[in-house]
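> Next come the chains, spelled out residue by residue.
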Amino acid sequence: MKISVQKLRQFGGQGLDLPIADLVTRIGSQLGGVEAVEDVGAKYQGVVVAKIVKCQDHPNADRLHVCSVDDGGMTANVDRDADGNVQVVCGAPNVREGMLVAWLPPGATVPDSVAGDPFILEARELRGVVSNGMLASAKELAISDDHEGILEIDSTTAKPGDAFAEAYKLNDYLIDIENKMFTHRPDCFGQLGVAREASGIQQLAFHSPDWYVMNPVFPAIDGTELMFNVSNELPSEVPRFAAIAMSNILISPSPAWLQTELSRLGMRSINNIVDLTNYYMLLTGQPIHAYDYDKVKALSSGDTAQIVIRNPRESEKITLLNGKTIDPRQEAIMIATDQQLIGVAGVMGGAETEVDDKTTNIIIEVGTFDMYSIRRTSMAHGLFTDAVTRFNKGQSPLQNLAVMAKIVDDIQRLAQGRVASQVVDVSQVEGREWVHPPVPVTTDFINLRLGFQLSADEMKQLLENVEFKVQIDGMNMSITAPFWRTDVETREDVVEEIGRLYGFEHLPQILPMRSIAPVAKNQLFELKGQLRDVLSRAGANEILTYSFVHGDLFDKVGQDKSLAYKLSNALSPGLQYYRMSLTPSVLEKVQPNIKAGHDEFVLFELGKSHIQGEIDNTEEGVPKEANAVSVVYATKLPTKTAPYYQVRHYLDWVLRSFRVTDTIKLVSLQDAELYKNPWLEQMIAPFEPGRSAVLVDISESETAGMIWGVVGEYRPSVTKALKLPAATAGFEIDPLVLLKPSGSTPYKALSRFPSVTQDLTLRITSGASYQSLAAVVRNTLEKTVPSKALLTMEPTSIFQRPDDIEHKQVTFRISIASYERTLTDAEVSNFLAEAASAAHNSVGAETV
Amino acid sequence: MIDEKLVAALKARAASGDSGLLRSPEFRSLFGALKTLPNEQKAAYGQAVNQLRQELEVTLASSVDEAEALPAIDVTAPMDINSIAPKMLPSNTGSIHPLMAERDKILDIFYRMGFNASESREIDDDYHMFEALNFPDGHPARDDYDTFMTEQTAADGKRLIAPAHTSTMQNRMMQKYKTNLDKDEPIAVIVPDRVFRNEDLDARHEHTFYQLEGIYVDKGVHAGMLIATLKTFLQEYYGKELEVATQPYYFPFTEPSFEFSLSCPFCDKAGCSICGQAGWIELLGCGMIHPNVLHAAGIDPEVYTGFAWGCGIDRLVMMKNGIEDVRNFHSAKLDFLRQFA
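Going down the list, the protein sequences come from chains Z and F. Per my numbering, residue 949 is the first one in the first sequence, and the count goes up by one each step. Per my numbering, residue 24 is the first one in the second sequence, and the count goes up by one each step.
What the hints contain is simulated information worked out from the structure, not anything from laboratory work. The C-beta atom is built at its ideal place from N, Cα and C for all residues, glycine as well. Please note: incorrect hints may appear among the correct ones.
[Unchecked claim] With a straight-line cut-off of 20 Å between C-alpha atoms, the simulated EDC-like cross-links for lysine to aspartate or glutamate are:
no., chain 1, residue 1, chain 2, residue 2
1, Z, 1509, F, 91
2, F, 292, F, 259
3, F, 356, Z, 1262
4, Z, 1584, F, 174
[As the list claims (entries may be wrong)] Just a sample of chain F residues kept apart from chain Z, beta carbon distances all over 10 Å, derived:
no., residue
5, 34
6, 63
7, 95
8, 98
9, 118
10, 127
11, 144
12, 160
13, 223
14, 263
15, 268
16, 292
17, 295
[What the hints assert, rightly or not] Derived list of chain F stretches under chain Z, where covered just means 3 residues or more per stretch with a C-beta under 8 Å from a C-beta of chain Z:
no., segment
18, 26-33
19, 50-62
20, 306-315
21, 333-346
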């Protein structure tokens, strides 16, 4: 929202005369973020009003003229003739002797070019004649789009030697305040509203101009009466629709002051009528629309103009002022005649009833439309106009007539218009004083929320400065917001108002007091934090990837796309689906890192996954979110070890760190019962069944039998599709499994006596599982070794002779230390022999 | 519609694991044929071709899987046959993601200040994203949140939403800790988690980022306490005295609302590249919780008041470490991550 400081001062009087930097600071801290401050006058440095005292044809060019201009001698360092005039060459068709013009002397910058590529003038020859600077068009002066000829300045406006910026009131600053701050402030979309606030935040009383707050008076019909009817079929969405007809309109370009007022605030000048509607919108925030009366009448049946407010009928279309034809949404508020559409209410007028150069009769509409409907229509058709920006903040329906009376008055003066009808005011609202009834509130209520200690009188003063009405009865106050404040409805709104007007910089900075009872830490954050520590200490790198993935990724890893939540407004196909497990996202990051020169690494991510149809176990009924951690090991270095064992090592490390080794069993994926669990089915999709295992819960809790995740290598097609190195493997588990420690602490007391260490090598068939052998050896040892002893057992190798691939040999290193005495080698050998014998009986193992 | 003989031939080739199949002239001829069809048949034909392509892809993948499958292994073994026991990578190559590491620091400060903490959600409903936060349907403030939505709908018939702010958790946290109030304890919770905005990616804008939500509700809570709490947190976080400033702002879920700035902790207001020579950093939005929001959580706004804030975490981390491009965070580049080892 651009604010003209000159306008603020016009409305706000002397109170706003503080230096611009101070004003900007105050606005910033008490009204809203200032995005930019533009010194408009700076563009016009050196530009001076001059009179063309002589104008002759250029000797060497048909279209050019050589002028002598009189600037009252105001410009220094320029060549002058004997009379003190300056020679300027001009190519404009309208240049003539006696004209008052804007002269850009050498050294001045063309105002129009300041924002882009600044063009600085100099004295230079044009076809052999020296031109000192140039005479400027309205476009070059950045006050309108008119580039037909040079700007002719009215002699009542200025005299030679006047600074151009002064004459055109362009010595102004524009303060650009963030729109978002005003989302709930329809009044601040007008210069008037911001002027009021600018006074209020300095604790100065503001008085709106009489025409805005007094009851408006309309002149009687003058001459021809123009008949029209309004019928409102949508009273709940159109609380007010006021209209008046005017005749005898003389369409012309706007006077210079109006053109500059508009251009400064970023609007294009069109003609006097359209410009006035825009001007009063800029001042008050109330959009106004002008129709060509005769065009409306021609599109109506009978010989009266008919205006109907209604929804569009099926397949009705309308061509808008911007030239586009739309098929308006069914619920849009439309303006129509009794025969066809003529405008999208509050959004944009229709082309067929546009005010043009030939218009002589008009209808002025000052309406109020439902902000939600306007917003939806604007969004549906991509129409973002100044009117929409204002209407969708909820303009007050109590300002229509005042604004209408003011513009009618101006049209009489600037376009010779005559009032040609009564005011037709189709209104659902009553009164003039307020939109929301008075808010009862106490000083305590306000002070408690702000930490202030303001008295009722102080609060009253703050509010009255911005034209609220306040009644005090002890601590009780009754606050009536003025009619333009559609946003002040509750006591909290009054709190905001008082806090802001008084200044939030006065808020007392006091920490809240609370008891010293400890708060519980969040279990998930704690768990995930520990998991990050465990994995990063093991050399793994935590990554974050997007929650959204490409549909193709599902295909590549064999997941069922139809189960994934799909975004309806994705930024790109690469971010179209919610992921169903983390592993595919992590796998996608392997190849880029290999390419970047990293030969061997472990990536991990902690995140969430989602599957359609799986609903959270709460009454909210929102989709279930599954926690997951995915770890991927990859190396492009030659290795003899299947990557499964590499990543299995990481899994063991994680499980051991959280002490859940005893409650988890690994079962080959090809033998596992998956119970039709959709999460699991999607999670295991990338894994190669013969070279992967699932984590089965073997605890004695209610989760017994549950599968917590998968570890393994990937299917060849996945490796191929994602360009993974051959040695890639990983696991994905639900980290909640780590919250289920088996209970036993791993610590065992140290023994005072030396331990005896012996290796036991057993041969089993290649197909037998290591686990079955290790279990029987360990169980036997735990049974036979005296309880008062410390037993450790570690596998040291699994060996296969090249000449006997039917078998493999597993070597365990077993250490035993008694707490009571020194064991002999023979005793320990006996324990091992018993274990070997048990292994022979149960899995057919042979001692080597 | 598609020549059946050709389909059969393509399927046979897929089953045999012909990896060049989808780029073969025979397969591509199917697309060429599209042009020759009458308009009304094009859509159905295109669909049929796409479906065939997917079928062939699945067949190809499984034939690759069959042809190239390695022998099954003993998944219960701790090491491979004839191989040494696997070792982990050295500790010093490992790293925690800088965003997560910083989140833990923030959590630690707020734990010490007596706040509970919670995760947020990655998929949520309209009620928690907007309704419960005093954004009625069609409210213009909804425009400021470029939300991603799903094609699928929630139980209320509205599309599901990828939360654009952690404020989606306000209602839930107030409900969860409401009993604190009965014990004369405040509701004090932070939610530092992932959020999403439908925003094009560049060096300063991410569609996926992290936000720190905070709420505090008790009897007698005023706006000055909000400012003091945030200032205290930031001074602890940066380890130095700071100045703070507020600007009035507008959020539907707080009244009054503020934009909160702090004096630049990197140059002490002298002006530097981090604060854009301004000496101040606009950091977060905050305000007093709107009575409608308290009410929606079953808390009586007559008795209790509270404050809330939302602050971007990514920016804190970028400023602290001089990270030049927000896209690094989700790049998973080891060159980036290992600098935080």
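> Each hint should be assessed against the structure and marked as holding or not.
Going through the hints against the structure:
1. Z:1509 to F:91: Roughly 25 Å separates the two Cα atoms, so the pair is violated.
2. F:292 to F:259: 18 Å, holds
3. F:356 to Z:1262: 55 Å, violated
4. Z:1584 to F:174: Answer violated: residue 1584 of chain Z to residue 174 of chain F is near 41 Å, above 20 Å.
5. 34: Holds, because the least Cβ-Cβ distance between residue 34 of chain F and chain Z comes to about 17 Å, which exceeds 10 Å.
6. 63: 22 Å, holds
7. 95: Its Cβ does come within 10 Å of chain Z, the nearest being 3 Å, so this is violated.
8. 98: 4 Å, violated
9. 118: 5 Å, violated
10. 127: 6 Å, violated
11. 144: Violated, since 6 Å does not exceed 10 Å.
12. 160: Given that some Cβ of chain Z is not farther than 10 Å from that of residue 160 of chain F, nearest at about 8 Å, it is violated.
13. 223: It is violated; residue 223 of chain F is separated from chain Z by about 7 Å at its closest Cβ, not greater than 10 Å.
14. 263: 17 Å, holds
15. 268: 7 Å, violated
16. 292: Holds, since 15 Å exceeds 10 Å.
17. 295: The claim stands: residue 295 of chain F keeps its Cβ more than 10 Å from every Cβ of chain Z (closest is about 21 Å).
18. 26-33: With 0 residues close enough to chain Z, the hint is violated.
19. 50-62: violated (count 0)
20. 306-315: Held - the segment 306-315 of chain F has 3 residues with a Cβ nearer than 8 Å to chain Z, which meets the minimum of three.
21. 333-346: violated (count 0)
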